[in-house]
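Chains as they are written, first to last, in the numbering used here: chain W, 12 to 210; chain S, 12 to 210.
It should be emphasised that the hints constitute simulated quantities derived from the structure, not laboratory data. Careful, some of the hints might be misleading.
Each pair may be met inside one copy or between any two copies, as identical chains are not told apart.
Keeping only pairs whose Cα atoms sit at most 25 Å apart, straight-line, the calculated BS3-like set for lysine-lysine is [claimed, not checked]: (1) Lys113 to Lys57; (2) Lys113 to Lys25; (3) Lys113 to Lys67; (4) Lys67 to Lys57; (5) Lys39 to Lys67; (6) Lys67 to Lys118; (7) Lys39 to Lys118.
Keep in mind that this is a model prediction, so the values were computed, not measured.
There are 2 protein chains.
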Amino acid sequence: MTGHIQCMPRPSLKEQIVDAAVETLHRKGFNGSSVQDITEAAQAPKGSFYNHFESKEDLAVAALQRYWERGETSREMLRDTQYPPLERLNRYLDHLAGSARKAEFRKGCLIGNMSTEMAGENRPVRARLAALFGAWTEAIESCVREAQADDSVRRDLDPASIAVFLLNSWEGALLRTKVDRNDSALEVFRRATSALLSP
Amino acid sequence: MTGHIQCMPRPSLKEQIVDAAVETLHRKGFNGSSVQDITEAAQAPKGSFYNHFESKEDLAVAALQRYWERGETSREMLRDTQYPPLERLNRYLDHLAGSARKAEFRKGCLIGNMSTEMAGENRPVRARLAALFGAWTEAIESCVREAQADDSVRRDLDPASIAVFLLNSWEGALLRTKVDRNDSALEVFRRATSALLSP
Chain W
12 MTGHIQCMPR PSLKEQIVDA AVETLHRKGF NGSSVQDITE AAQAPKGSFY NHFESKEDLA
72 VAALQRYWER GETSREMLRD TQYPPLERLN RYLDHLAGSA RKAEFRKGCL IGNMSTEMAG
132 ENRPVRARLA ALFGAWTEAI ESCVREAQAD DSVRRDLDPA SIAVFLLNSW EGALLRTKVD
192 RNDSALEVFR RATSALLSP
Chain S
12 MTGHIQCMPR PSLKEQIVDA AVETLHRKGF NGSSVQDITE AAQAPKGSFY NHFESKEDLA
72 VAALQRYWER GETSREMLRD TQYPPLERLN RYLDHLAGSA RKAEFRKGCL IGNMSTEMAG
132 ENRPVRARLA ALFGAWTEAI ESCVREAQAD DSVRRDLDPA SIAVFLLNSW EGALLRTKVD
192 RNDSALEVFR RATSALLSP
């Protein structure tokens with residue numbers, strides 16, 4: 012019975028560790044966060060970590076997935092048919108900019124941060140990042156396709172390329188805000204991408 | 012005399028450490044590289060490190076500066092008046108893409124990597140990053156201004172905004188190549204920015 016309990020740890024502790032990892036990894040990066048930093052933030056005993064995760068990399072994959080799931084509510088804006096598609100896209104981008112501003116441009120995007128820090132070295136993290144970028148691109152692409160159909164976005168670029176470009180350029184703009192600590196890169200992003208998308 | 016020698020270490024050893032730091036930090040990141048990793052790569056005694064640098068952060072600032080200086084030869088392409096300005100810009104971007112390809116998309120840009128990893132935490136590194144982004148933007152902006160003057164780039168966006176947007180979007184595209192391990196993000200970047208710049 013004891014063995015059974017050890018193999019099936021309380022789910023809530025695992026959840027706490029993943030939540031703490033999202034926050035800690037976002038703020039301090041993967042190599043800047045120790046397992047102890049994360050278990051302390053989770054108010055979990057350090058020894059409990061390896062009951063739940065094989066490695067810090069394994070936790071990083073789970074934290075990326077959790078971060079992505081938390082973004083689902085905002086991605087719903089892209090599908091909110093009470094607004095026309097281009098307005099949905101703009102509302103979504105405004106929302107992302109608002110989150111960056113709320114964090115005083117200190118944290119950037121966990122997905123972008125992990126891409127520069129980890130993708131060169133760690134295969135499971137890179138695979139998760141690729142999957143999330145793919146899904147994120149699709150969410151934007153659907154909205155762009157609808158906006159092309161109602162003539163509010165140019166049609167001489169395919170919606171997948173536009174979505175990839177918007178997303179990558181967004182990551183680049185957010186990277187720059189971490190250096191500048193203001194939203195000027197985000198404003199330039201919005202001005203330039205509006206000019207690009209204009210039919 | 013011995014004290015004098017200790018206070019004025021051989022410049023070549025310091026140079027070796029900075030060169031090794033550029034390579035090591037670029038490949039493994041700031042928190043992923045120890046002082047020992049760097050001194051070993053420099054074939055320098057670990058103990059010599061603190062004769063030359065106050066801290067690893069201090070070395071990171073020097074490494075960023077060295078990385079920037081190494082890019083001067085390629086930035087000269089932006090001023091090479093044997094080509095018209097838009098062609099200069101395209102040749103420069105091709106050159107950057109070639110460097111990323113040569114590194115098999117594993118390393119990204121040291122300036123971009125340090126921005127996501129360090130800018131949130133370390134003031135001197137952030138100040139250096141801001142200065143380098145500023146100087147890099149200016150180099151691109153001059154070329155864009157000339158291209159607007161000869162009617163090869165649209166004029167309804169100011170050259171500074173175009174330069175900031177190109178640079179940040181480039182960083183975002185390069186970030187994505189680290190995840191994808193191929194140049195599709197760079198191709199999308201070129202296609203979308205050509206569409207944007209077109210008068």
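Hints the structure violates: just list their numbers, smallest first.
Violated hints: 1, 2, 3; rest satisfied.
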